[in-house]
Amino acid sequence: MSPASLSRPLTATLAMLLVGGILALDLALAGAPDLFTAPSAIALGSGAAPEGAHCSGN
Amino acid sequence: MLLQRASVLLIALGFTAFAFIMAGPRAGLLVMVGLGFGLVLEGLRFGFAGPWRMIITDRDGRGLIAQLIAIALVALVAFPLMAANPGELVGAHAPVGVAMILGAFVFGVMMQLVMGCGSGTLVNAGSGNLVGLIALIGFIGGSFAGTLHLGWWTGLGSLPVISAQGALGAQLGLIATLAGLALVAAVTLSRAAPGKRMPPARLWIAAGLIAALALANLVIAGQPWGIVYGLGLWGAKLAQAGGADLAASAFWAADGNAARLSASILTDVTSLTNIGLLIGAFAVMRWRAAPGAQTQALTPLSYLAVLGAALVLGYSARLAFGCNVGAFFSGISTGSLHGWVWLVAAFAGSILGIRLRPTVLRPAAAQGAYA
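Heads up: the sequence lines are chains A and B, in that order. To convert, note that position 34 of the first sequence is 494 in this note's numbering; the numbers rise steadily by one, no gaps. To convert, note that position 260 of the second sequence is 1128 in this note's numbering; the numbers rise steadily by one, no gaps.
Keep in mind the hints are simulated off the structure, nothing from the lab. There could be a bad hint or two in this list.
[Stated by the list, open to error] Derived coverage of chain B by chain A (criterion: at least 3 residues anywhere in the stretch with Cβ under 8 Å from a Cβ of chain A; other residues may be distant):
no., stretch
1, 891-898
2, 984-997
3, 1001-1008
4, 1101-1109
5, 1129-1137
6, 1153-1167
7, 1183-1191
We treat Cβ as the ideally placed atom computed from N, Cα and C, and that holds for glycine.
Can you build the whole structure from these sequences, using the hints too?
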C-alpha cells in the first residue's frame, strides 16, 4: 500500500484505532477506574489539591 | 453525508459518556474540553508550529499574534484565579535548566520537520494527515524514552522554579507577563509584512475559544492544559504491557507517576484531553463534505526521517518540561519563567528546522513543494 492510497479518512481511522487500542489494552491490564475514589467534577471549589500529572513536573 | 455526520456525533458523544461513566464526571468534562480543543484547532485552523514558520519564512505574523492574544486572555483570568485558590489550582511551573533549554531548541527544530508540535501532532493525526500519524507514534515513544533519562538530564544543572507570581506577586506578575507578551507582539508586528499583521476574524474567534477552553481545563482539572505527559504515559503503558519493569525508573517510581502508571488512562488529565482533541480533529475532518487530499507523498527515507524526528520531538519535549502547549502556552499564561525561555530556545530551533526541511522532507515525485 503506497502512502498516496491512504486517504485522510483511512489515516484518521488508523490514528483513532491506535489510541483506542492503547486504551483497550490499558483497561485490560489496569482495570476500570474506581468510581468511589473519583475526584469531584470540578477542581475549583473542591477544597482538594490537584492530583493530576503535568508535563511541567518531574 | 447525514449518516457520516451522525456517526461522528456518536463517536464524540459516546466517548464522552464512556469516560463519564467509567471514571466520573471530571473525566467526562475533560474529554469535552479536549473535544473543544480539537474542534477549534482543526476547524478554525489555529496552530502553533505553522504560524512560527509563517513569521520566519513569509513575514506573516497573524497566527503568532493570535497565539499571544490567547495566552494573554488566559493569563488575565488565571493569575487572579490561582492567587485566590492556591490549594486547588496550580500553574505549569518548571525550572529553567541546561537540559530544558537544549530540549526546547531541539523541539523547535523537530516540530518544523514533522510539521506539528504536541497539539499539532494530535490534530494532524486525527484529521488524517499521514505525517501526523507517523509523528504521533514517534512522539509517544520519544516522550516515554525521555522519562527514562530525565534525571540524568536535569542533573546537568538547573535553577530553582521561578514564577512571575513568586518573584513579583500576583498583580505585578500579571502585569510583567502581559508586558512581555506585548513586547513579543511588538517584535512580531515590526517583523511582519504589511497586510500580514492583524489576525483575521477566524483567528480572533479561535484565540478566544482556545483561551476559554484552557481556562476550563484549569478550573476542572486544577492544572493547565498539557499534552506531553499523557503521550509519555501511553508509551509507558505499552512498554509495561510488553514486559518492561518500570519500577527501576526513577521517574516512574516516583509516587505520583507510579500512581498514574498503575491507574487507568481514564484517570489521567492530559490523556483525557489528548483523546478528546484527537476525536475533535477527526470530527471536523469527517464533518466536511470533502475531507481534503492527503499530504504529498514523501520518499520512504523521508517517512523514516519523520519517525526519527518525532521520536526526538517527544524526547526533547520531556526534557523541556513541555511542548508548545505545556511549556509555551500554559507556562507563560500561568507565570512560569521556563515558558519564556522555552519560547526563545524553541523559536531559534524552528529557524534551523525550517532550513532543514527541504533536505529531510523530499517528495516522492517532483509535484511541487511540500504543503
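We went through each hint and held it up to the structure:
1. 891-898: With 6 residues close enough to chain A, the hint holds.
2. 984-997: holds (count 5)
3. 1001-1008: With 3 residues close enough to chain A, the hint holds.
4. 1101-1109: Held - the stretch 1101-1109 of chain B has 6 residues with a Cβ nearer than 8 Å to chain A, which meets the minimum of three.
5. 1129-1137: holds (count 8)
6. 1153-1167: The restraint on the stretch 1153-1167 of chain B holds, since 8 of its residues have a Cβ under 8 Å from chain A and three suffice.
7. 1183-1191: holds (count 5)
Going down the numbered hints, you'll see the structure goes against none, and every one checks out.
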